[in-house]
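Its first residue numbered 378, the sequence shown is counted upward by one per residue in this note's numbering.
These aren't lab readings, by the way, just hints derived from the structure by calculation. Some clues are possibly wrong.
[What the hints assert, rightly or not] What follows is a set of in silico ranges between Cβ atoms, one per label pair, in the way DEER data are often shown:
| # | residue 1 | residue 2 | range |
| --- | --- | --- | --- |
| 1 | M443 | G752 | 16 to 26 Å |
| 2 | S555 | L778 | 31 to 41 Å |
| 3 | N658 | N719 | 41 to 51 Å |
| 4 | G516 | D637 | 23 to 33 Å |
What you are looking at is a predicted structure, and each value in this text was computed from that prediction instead of being measured. Ideal placement from N, C-alpha and C gives every residue a C-beta, glycine not left out.
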Amino acid sequence: MSRIVWPRGKSQVLTNIPVNKVIILDEKNAQKYQWGNPVVRTMFEEVGDQLNIHYKHNERNFTDFMEGQLTLPHKHSQQGPGITVGDVNGDSFEDFIIGGSARQSATLFLQQKDKSFRTETLPVKDSEDTGLLLFDADGDSDLDLYCVSGSSEFKAHSEKYQDRLYINTGNGVFELDSTALPEIRSSGSCVVSNDFDKDGDLDLFVGGRVVSMRYPETPESFILVNNGTGKFQNETAQLSPELSKAGMISSALWTDVNNDGWFDLAVVGEWMPITFFMNNNGTSFTRHELENTSGWWNSINGGDFDNDGDIDYVAGNLGLNSIYQASQEQPVCVYAKDFDDNGSMDPILCRYIQGAEYPVHPRETLTGQVPRLRGATQRYAEYGQKGIKDLIPSASLKNALTLKASLMASVYIENVDGKTFKVRQLPVESQFAPLYGIAVQDINDDGNLDILGVGNSYASETLTGYYDASIGSCLQGDGAGNFSFIPVQNSGFLVDGDAKALSTLFLEDGTQLKISTQNKDSLKVFSQSQKSYREQEVFKVKATANSATITLLDGKKRKHEFYYGNGYLSSSSRSIFKGKTIKAISIDK
Numbered sequence: 378m379s380r381i382v383w384p385r386g387k388s389q390v391l392t393n394i395p396v397n398k399v400i401i402l403d404e405k406n407a408q409k410y411q412w413g414n415p416v417v418r419t420m421f422e423e424v425g426d427q428l429n430i431h432y433k434h435n436e437r438n439f440t441d442f443m444e445g446q447l448t449l450p451h452k453h454s455q456q457g458p459g460i461t462v463g464d465v466n467g468d469s470f471e472d473f474i475i476g477g478s479a480r481q482s483a484t485l486f487l488q489q490k491d492k493s494f495r496t497e498t499l500p501v502k503d504s505e506d507t508g509l510l511l512f513d514a515d516g517d518s519d520l521d522l523y524c525v526s527g528s529s530e531f532k533a534h535s536e537k538y539q540d541r542l543y544i545n546t547g548n549g550v551f552e553l554d555s556t557a558l559p560e561i562r563s564s565g566s567c568v569v570s571n572d573f574d575k576d577g578d579l580d581l582f583v584g585g586r587v588v589s590m591r592y593p594e595t596p597e598s599f600i601l602v603n604n605g606t607g608k609f610q611n612e613t614a615q616l617s618p619e620l621s622k623a624g625m626i627s628s629a630l631w632t633d634v635n636n637d638g639w640f641d642l643a644v645v646g647e648w649m650p651i652t653f654f655m656n657n658n659g660t661s662f663t664r665h666e667l668e669n670t671s672g673w674w675n676s677i678n679g680g681d682f683d684n685d686g687d688i689d690y691v692a693g694n695l696g697l698n699s700i701y702q703a704s705q706e707q708p709v710c711v712y713a714k715d716f717d718d719n720g721s722m723d724p725i726l727c728r729y730i731q732g733a734e735y736p737v738h739p740r741e742t743l744t745g746q747v748p749r750l751r752g753a754t755q756r757y758a759e760y761g762q763k764g765i766k767d768l769i770p771s772a773s774l775k776n777a778l779t780l781k782a783s784l785m786a787s788v789y790i791e792n793v794d795g796k797t798f799k800v801r802q803l804p805v806e807s808q809f810a811p812l813y814g815i816a817v818q819d820i821n822d823d824g825n826l827d828i829l830g831v832g833n834s835y836a837s838e839t840l841t842g843y844y845d846a847s848i849g850s851c852l853q854g855d856g857a858g859n860f861s862f863i864p865v866q867n868s869g870f871l872v873d874g875d876a877k878a879l880s881t882l883f884l885e886d887g888t889q890l891k892i893s894t895q896n897k898d899s900l901k902v903f904s905q906s907q908k909s910y911r912e913q914e915v916f917k918v919k920a921t922a923n924s925a926t927i928t929l930l931d932g933k934k935r936k937h938e939f940y941y942g943n944g945y946l947s948s949s950s951r952s953i954f955k956g957k958t959i960k961a962i963s964i965d966k
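Take the sequences, apply the hints, and build the full model.
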């Protein structure tokens with residue numbers, strides 16, 4: 378059967394159409410066509426207005442490219458805002474905090490009995506919040522707040538990159554503890570927490586993101602060990618010297634990769650391979666990189682997608698809709714050193730075109746960064762034909778800081794046995810733009826985990842233009858590591874701005890919210906539309922719980938981990954939504 382719609386609005390339906398025959402149609406045989414699509418009940422609906430959640434992120438414009446490095450691929454001053462979820466005032470209702478940009482306060486959203494939210498602001502500070510984390514630092518059973526100071530607006534190693542720990546004095550009142558942290562002068566990204574040494578308190582990993590005006594030098598990252606009273610010491614050198622200079626980290630996850638009962642650390646970042654630091658009984662960490670996975674990673678999250686009792690992973694990358702097409706044989710590269718001996722770090726990005734490696738920068742941009750090259754090419758046509766080795770002598774390139782990216786797709790990582798991993802690209806609809814915030818959940822309650830993702834980036838250099846083709850991703854899993862894209866008209870999940878963090882929060886009645894931040898834009902807040910989902914039990918756990926075994930009605934067992942921090946600049950509720958396909962939940966010892 379086929380329907381023909383004529384330009385004037387009439388239509389006709391053809392049935393029993395013969396093959397290999399020309400069919401002549403006449404509009405006079407058509408009927409008036411009723412326009413409009415049938416109403417489809419979507420999986421999510423926006424509820425921000427209903428819950429009195431009104432917030433728009435503000436950020437001072439800062440042009441990274443004009444501060445000594447014209448050849449940056451993107452700004453690092455436009456990373457947030459981050460989000461963290463938890464009950465800050467002890468009333469059993471989950472609240473959330475949105476980070477503030479430089480000279481802007483963070484905002485606290487307190488859930489009320491009627492499911493609405495009221496706002497309070499935290500103290501204004503000079504630094505910019507990137508990662509935020511609500512966790513019990515001092516063991517007094519309320520949630521304290523860790524704020525990572527990031528961005529590239531300040532000089533390298535500025536005191537404005539000092540991280541901050543705010544102690545909850547009760548009822549959600551936070552006071553800065555200036556003695557709780559060691560000196561940290563690295564521009565950071567994420568913060569994640571776990572009792573990795575099993576001594577009864579929560580420790581921290583803080584990822585370094587960038588060295589301001591020295592891109593792509595490796596910033597310092599930290600393992601901060603809790604002394605049991607909420608005072609932290611930098612013990613990275615003793616536990617894992619490699620981790621302190623692991624790379625330009627954007628996201629991290631404490632996770633038991635090999636099911637040995639000790640939580641390991643997964644880290645991803647710009648120009649980095651997907652990397653696991655394996656926990657050796659709380660005394661040290663051993664580095665394990667996944668081969669052929671160096672990329673421009675933004676985020677990582679975990680879940681037992683194939684219901685086999687171990688944790689698999691989803692990682693957000695640049696995507697495949699850019700000029701930076703990469704492979705093992707033809708990677709995207711950056712060569713960096715002070716090529717003209719004027720005291721500045723000069724990064725030169727290159728990509729392959731028809732088998733040869735060329736700088737991606739226009740002539741004026743490259744010669745503005747490295748004035749010495751002005752005499753190397755007098756004409757644009759001449760410059761366009763020169764590869765990187767025609768412009769920079771091989772001897773000079775040889776001792777330059779050289780980083781490569783061979784995988785730009787966002788991926789699913791199947792954990793085979795804790796040592797072996799299979800990496801597969803996510804559906805093409807998830808590759809249209811950079812993927813940042815990632816939430817893992819059984820959305821349709823079929824016993825298989827699904828994925829929600831948000832992305833885009835308005836921080837790219839101007840000639841590349843915005844990466845703005847994403848409207849959000851809703852990916853349905855089949856329990857075997859395969860995913861299908863659910864169109865927005867069916868999912869109702871639409872986030873089309875410069876989206877960053879994505880977190881889960883439960884309302885008092887069990888309704889599950891998804892909250893997405895957007896840079897220089899408003900929060901997006903969604904709830905699941907199906908009423909039957911809201912009537913299911915929400916399973917709450919203690920602050921010390923690390924993992925659980927979920928038994929499904931079909932007899933399969935799924936591992937579930939409770940995270941303090943996951944995805945991109947995000948932390949979510951640690952409760953489990955007990956859907957109709959879950960038979961039992963058992964907390965692991």
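Structure-based check of all given hints:
Distance hint for M443 and G752: a CB-CB separation of about 24 Å, consistent with the stated range 16 to 26 Å. One distance hint, 31 to 41 Å for the beta-carbon pair S555 and L778, holds here, with the actual separation near 35 Å. Distance hint check for N658 and N719: the Cβ-Cβ separation is about 49 Å, which falls inside the suggested range of 41 to 51 Å. The hinted window of 23 to 33 Å between G516 and D637 holds, with their beta carbons roughly 26 Å apart.
Checked against the numbered hints above, the structure violates none of them.
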